[in-house]
Amino acid sequence: MSAVDLARWQFAITTVYHFLFVPVTIGLSALVAWFQTQHVRTHREEDQRLALFFGRIFVINFALGLVTGIVQEFQFGMNWSDYSRFVGDVFGAPLALEALLAFFLESTFLGLWIFGRGRIPEKLHAASIWLVHVGTLASAYFILAANSFMQNPVGYRYDPATGRAEMTDFVAILTNKVQLVTFPHTVLASYLVGGAVVMGVALWRLVRRGERTDQDRADVGMYRRATRVGAVVTLVAGALVAVSGDVQGKIMTEVQPMKMAAAEALYATSDSRAPFSVFTIGSLDGSREKVAITVPGLLSFLATGSVDGKVEGINDLKAQYEKQYGASGNPLVADSAYVPTIPVTYWTFRLMIGVGMLASVIAAAVLWLTRGGRVPERRGRLARPLLWAALASPFLPVLGNAFGWIFTETGRQPWLVFGLMTTRTGVSPSVSAGEVLTSMVVFTLLYGVLAVVEMRLVVTTVRQGAGPAQPVPGEHDDASDDPEHAPLAYAH
1 MSAVDLARWQ
11 FAITTVYHFL
21 FVPVTIGLSA
31 LVAWFQTQHV
41 RTHREEDQRL
51 ALFFGRIFVI
61 NFALGLVTGI
71 VQEFQFGMNW
81 SDYSRFVGDV
91 FGAPLALEAL
101 LAFFLESTFL
111 GLWIFGRGRI
121 PEKLHAASIW
131 LVHVGTLASA
141 YFILAANSFM
151 QNPVGYRYDP
161 ATGRAEMTDF
171 VAILTNKVQL
181 VTFPHTVLAS
191 YLVGGAVVMG
201 VALWRLVRRG
211 ERTDQDRADV
221 GMYRRATRVG
231 AVVTLVAGAL
241 VAVSGDVQGK
251 IMTEVQPMKM
261 AAAEALYATS
271 DSRAPFSVFT
281 IGSLDGSREK
291 VAITVPGLLS
301 FLATGSVDGK
311 VEGINDLKAQ
321 YEKQYGASGN
331 PLVADSAYVP
341 TIPVTYWTFR
351 LMIGVGMLAS
361 VIAAAVLWLT
371 RGGRVPERRG
381 RLARPLLWAA
391 LASPFLPVLG
401 NAFGWIFTET
411 GRQPWLVFGL
421 MTTRTGVSPS
431 VSAGEVLTSM
441 VVFTLLYGVL
451 AVVEMRLVVT
461 TVRQGAGPAQ
471 PVPGEHDDAS
481 DDPEHAPLAY
491 AH
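Per UniProt numbering, the very first residue in the sequence shown carries number 1; after that it's consecutive.
Treat the hints with caution; some may be incorrect.
The calculated PhoX-like cross-link candidates involving lysine-lysine, where the alpha carbons are at most 25 Å apart (straight line), are [to be verified]: (1) K310 with K250; (2) K177 with K310; (3) K250 with K177.
Calculated directly from the structure, the hints in this document are not laboratory data.
Full structure from sequences and hints, please.
Shown next as C-alpha cells:
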C-alpha cells in the first residue's frame with residue numbers, strides 16, 4: 001500500500017474511533033442537564049441520583065473523546081502537511097474558536113459541575129452542566145464549519161502564487177449552506193444517541209433488577225421513568241433526524257451530485273422517477289444488478305423533492321468533471337477518476353438509515369411495553385428480548401453516526417476539498433509508507449487498549465447502578481471528611 005492509502009486508513013481509523021464518543025457526550029450532556037434541572041425544580045432524590053449516575057458515564061466518554069481528539073490535530077501536520085498548507089488559512093479560525101472558546105467552556109463548567117455541588121447555589125450548579133452542553137454544541141458547530149468547507153468551499157480565494165486557499169469571508173464559512181443543514185442533523189443524531197444510551201442502560205437495570213432490598217424495589221420506578229425518558233428522546237430525535245436528513249440530502253445533491261449518485265450506485269442519469277434500492281445484489285462496482293428491491297421515485301424525491309426530479313448518474317458526472325477539471329488545467333486535481341468507492345458509499349448510506357430506524361423501533365416498543373405504569377417481568381417471556389434490546393440500543397445509533405460519517409467522507413472522494421484539491425495531493429510528501437504504517441499500528445493498538453478501558457469503566461458503572469442520594473456537602477458536619485460523601489465520588 002502507498003503512503004496515501006495508509007494515511008487515509010489511519011485518519012479513518014482515528015476519526016471514526018474518536019467520533020464514537022462525540023455524539024455520546026453531546027446527547028448525554030443534555031439529558032444529564034435535564035435530570036439535574038428536574039432535581040432543582042422538584043427536589044426529588046431520584047432526579048439527583050439519575051443525574052449523577054449518567055453523569056459518570058458522560059465523564060468517562062468526555063475524557064476518552066478528549067484524548068482521542070488530540071490525535072486528529074497531530075495528523076494534519078504528520079500525514080497531511082500539503083493539505084494543511086493549502087487550507088490552513090481557512091481552517092485556522094474555526095479550529096481556534098473550537099479550542100479556545102468551546103473546549104474551555106466545556107472543561108471549565110464540567111469541573112464546576114463535578115466539584116461545585118453544595119459549594120455553589122443549586123441553580124448555578126444546574127446551569128453549569130447546561131453550559132457544558134452548550135460548549136459541546138459550539139464545539140460541534142466550529143468543527144462542522146471546517147468540514148463543510150471541504151464539502152462546499154465558500155468564503156475564500158485561491159492564490160496561485162502561494163498555492164493556498166485564503167479566507168475572505170469568515171461569516172460565509174460559518175453560514176455555509178452545507179453547514180446549516182449538517183449541524184442540526186448531527187446534533188439531532190447525537191440526541192438520538194443520548195436517548196438510546198439512557199434508555200438502554202435504564203432498561204437493562206430494570207429487567208435485571210434484584211429486588212433483594214427495599215432500595216431495589218424502590219428503584220424500579222426510577223429506572224422505569226429513565227427508560228421512558230430515554231425512549232421518548234430516542235423516538236422524537238429519530239423522527240427529526242429523518243426530516244433533517246431529507247433536507248441535507250437535497251443540499252448534498254445540489255453541491256455534490258456525485259455523492260448522491262454513488263449512494264445509489266446510479267450510473268445512468270434518470271430523467272424522472274429514479275428508484276431507490278432498499279437492497280441490491282450485483283457486481284462489485286455496482287454497475288450491474290442481479291437482484292434489487294426498489295421504491296420507484298424515492299431517489300428522485302430524496303435528491304430533488306419531487307418524484308419526477310432528474311438525478312444525474314455517475315457516468316455523466318464523471319465526464320462532466322473530467323471536462324471541467326481535467327488532468328492538466330490544475331495541478332491540485334491531477335490523477336483522479338472522480339468516482340468514489342461505490343460499495344462503501346452504497347452500503348454505509350443504507351446502514352446509516354437502517355440502524356437509526358431500528359433504534360427508533362426499539363424505543364417505540366419500549367414505550368408500549370412500559371405504558372400505564374407497566375414494568376417488564378424479570379422472568380417473563382419478554383425478558384430476554386428486552387435484555388437484547390437494552391444491550392443493542394446504545395450501540396445502534398452510535399454505529400449509525402459512524403456509518404454516516406464514513407459515507408460523508410468517502411462519498412466526497414477523490415476530493416479532499418471538493419473541486420480544489422484531491423486526497424492524493426494533500427498527503428505529506430516527506431512521509432514514507434513505513435512511517436505511516438508504524439504510527440497507524442501504534443495508534444490502533446493504543447485505541448484498542450483505550451476501548452477496553454472505556455468498556456470496563458462503563459460496564460462497572462452500569463452494574464453499580466445509581467447510588468444512594470448523596471448528601472450535599474455542608475449538610476452534615478462530617479461530610480467533608482467522608483470520601484463517600486464527596487461530590488461525584490468516583491474512583492477505580
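Okay, the hints, checked on the actual structure:
Only pairs whose Cα atoms come within 25 Å are accepted, and K310 paired with K250 is accepted, the gap being roughly 12 Å. Between K177 and K310 the CA atoms are separated by roughly 21 Å; this keeps the pair inside 25 Å, and the hint holds. Of the supplied pair hints, the one linking K250 and K177 holds, its CA atoms being roughly 11 Å apart against a limit of 25 Å.
In the structure shown, no violation is registered for any of the earlier numbered hints.
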